[in-house]
Amino acid sequence: MHAYLRLLTIFYRNAIINELEYRLNLWSRLLLSLFWLGWSAVGVSVFYVHVDRIAGWSYYELLVVLGMFVITNGFRQLVLEPNLSQMTEYVRMGTLDYILTKPVNSQFMVSLRNLNIFSLNEPLLGAGLIGYSLWHLRHLPSPAAFALFGLLTIAALLVLYSLNLLLQTLTFWLVNLENADALVGSVVEAGRLPVAFYGGWVRWALTAFIPVAFVTTFPAEALLGRLDGRIAVVAVVLAALLLLAATTFWNVALRSYTSASS
Amino acid sequence: MAISVQQLTKSYRVHHKEAGLRSSLRNLFARRYELVEAVKQVSFEVAQGEIVGFLGPNGAGKTTTLKCLAGLLHPNAGSAEVLGFTPHNRERAFLKQITLVMGQRNQLLWDLPAMETFLVNQAIYGVPEREFRATLQELVALLGLEPLLTKQVRKLSLGERMKCELAASLLHRPRVLFLDEPTLGLDVTAQAAIRDFLRAYNQQYAVTVLLTSHYMADVTALAKRVLVIDHGELKYDGDLHALVEQTAPYKLLRLTLQQPVDSADLTRLGEIESLNGLEVTLRVPRDATKLVMAQVLASLPVEDVMIEEPPIEQIIRDVFQHGASYA
Chain B
1 MHAYLRLLTI FYRNAIINEL EYRLNLWSRL LLSLFWLGWS AVGVSVFYVH VDRIAGWSYY
61 ELLVVLGMFV ITNGFRQLVL EPNLSQMTEY VRMGTLDYIL TKPVNSQFMV SLRNLNIFSL
121 NEPLLGAGLI GYSLWHLRHL PSPAAFALFG LLTIAALLVL YSLNLLLQTL TFWLVNLENA
181 DALVGSVVEA GRLPVAFYGG WVRWALTAFI PVAFVTTFPA EALLGRLDGR IAVVAVVLAA
241 LLLLAATTFW NVALRSYTSA SS
Chain P
1 MAISVQQLTK SYRVHHKEAG LRSSLRNLFA RRYELVEAVK QVSFEVAQGE IVGFLGPNGA
61 GKTTTLKCLA GLLHPNAGSA EVLGFTPHNR ERAFLKQITL VMGQRNQLLW DLPAMETFLV
121 NQAIYGVPER EFRATLQELV ALLGLEPLLT KQVRKLSLGE RMKCELAASL LHRPRVLFLD
181 EPTLGLDVTA QAAIRDFLRA YNQQYAVTVL LTSHYMADVT ALAKRVLVID HGELKYDGDL
241 HALVEQTAPY KLLRLTLQQP VDSADLTRLG EIESLNGLEV TLRVPRDATK LVMAQVLASL
301 PVEDVMIEEP PIEQIIRDVF QHGASYA
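Which chain is which? The protein sequence lines are B and P, in order. Taking this note's numbering, I'd label the letters of the first sequence as residues 1 to 262. Taking this note's numbering, I'd label the letters of the second sequence as residues 1 to 327.
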């Protein structure tokens, strides 16, 4: 455990040195994030021109979901994109061979080796948006609600990570799977809005089949103090099961891996 | 024994692809698979401290064997043992004692100086600080890395990068080195530098080295013992010089003449390998070399004579062409 923390320190120190080379990147990223955040907030406000609530959600409550979306999307850019999304590259270039001959857990290496440090602003912006919305709502969540929100956010990130790992592991057989990224991206995209906004079977599908509801809607509801406690249990169990499934799949895939050149 | 391989067999399932749109479409639904046997029942042993060269054409099964030994591939049949471990279990204690270097692959952090990769590997292998400093110092001296350490990897030349790759791969003091084409694409000077380093390193630390290379010079310079592999089968295992003597029971006499001579006079002495004005190369039986030499000196107007072994490339080509088993 200690050794792995030490590794992460070194990895992320490198990531920072690496990205500081491109200072311009930092500012342009920040501007871009702000622009998109404003654009989405204004975009959804159009829905509320004539009504106060849609499917039980007021405008600022909706912004809490949007903030949650920005956080998870930021996590995707921060952690998933520079790591798991490189899997195709790893397999094709044979980099995976180097990873597998190192005396370190390979799943750890392909999942957390890099960090897109400049995307750190996204989760911060998302948290800011949530804070701003709660202030507007004059709603101060109880410590229990905060704790539940934290728990559900971790579960949400694990769900996203596991889905990504499951998809990327397919690379072992399909070699070229750069679209897996787009697929996970659209799962996250769908989480911009509360699942209640989607009609009938779509809502059902986004909860049960593709767990979009678990990624943004439920953590937001926890913060707003209106989440059914049983759902929290389901979220945690789901995250644990998906993580277990993804890890198992990864290990099975490794066994059948026959590297890029023969 | 550092490495022991028994009846190792590895086959790949590759899908059969024909040219053309129609067959590509058909492939979309029903792929036809083919089993390609990359390595067939290969057995050999390598002692600690030995350098063994792998020779064979592209696709002969060299890299596959190496990957089985480094734990990257599960063999279909047979067994491999390295330092008492079964490689494909990839136990930490095993991985800490080996290293794999692939000429065409890069493990250095591209945008950072090589030193950063060294530090990463120090953490990955858990090398204590003092040991790390000492090892690094030695490697820097042996490879002449001093001026390279602070340059970004992407700004290094191919040869400089390979030196850094080697250093990065040796910081944890592995006992077994798997080197797959370590000099690929390097110029002659850089090749020689890598070779010299490997020889010195092997002598100093008695590490076991398994080396594949396209460059015969790498193998002849480093390995006394070679494994010749072709179509997945081990064709020869043994001393490089013995291979030369078995496969090429002749030597080459290179003559520089003072004036042209009748080719009939030359044929009497040996088989003419090449005839180019006053430069003549004769092929003479190994055990008659001295005798022929005396005759040449006595009967021809020679300026200069040299006795040479036939080039190893040619010998290897002979092994593959005749397909005979020399094992």
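The set of hints was computed from the structure by calculation and includes no laboratory data. Treat the hints with care, since some could be wrong.
Not the full set, but computed from the structure, chain P residues with beta-carbon under 10 Å of chain B [to be verified]:
no., residue
1, Leu72
2, Phe94
3, Leu119
4, Asn202
5, Met216
No residue lacks a Cβ here, since even glycine has one placed at the ideal position from N, Cα and C.
Worksheet item: Which of the stated hints cannot be reconciled with the structure, identified by number in ascending sequence?
Response: 4, 5
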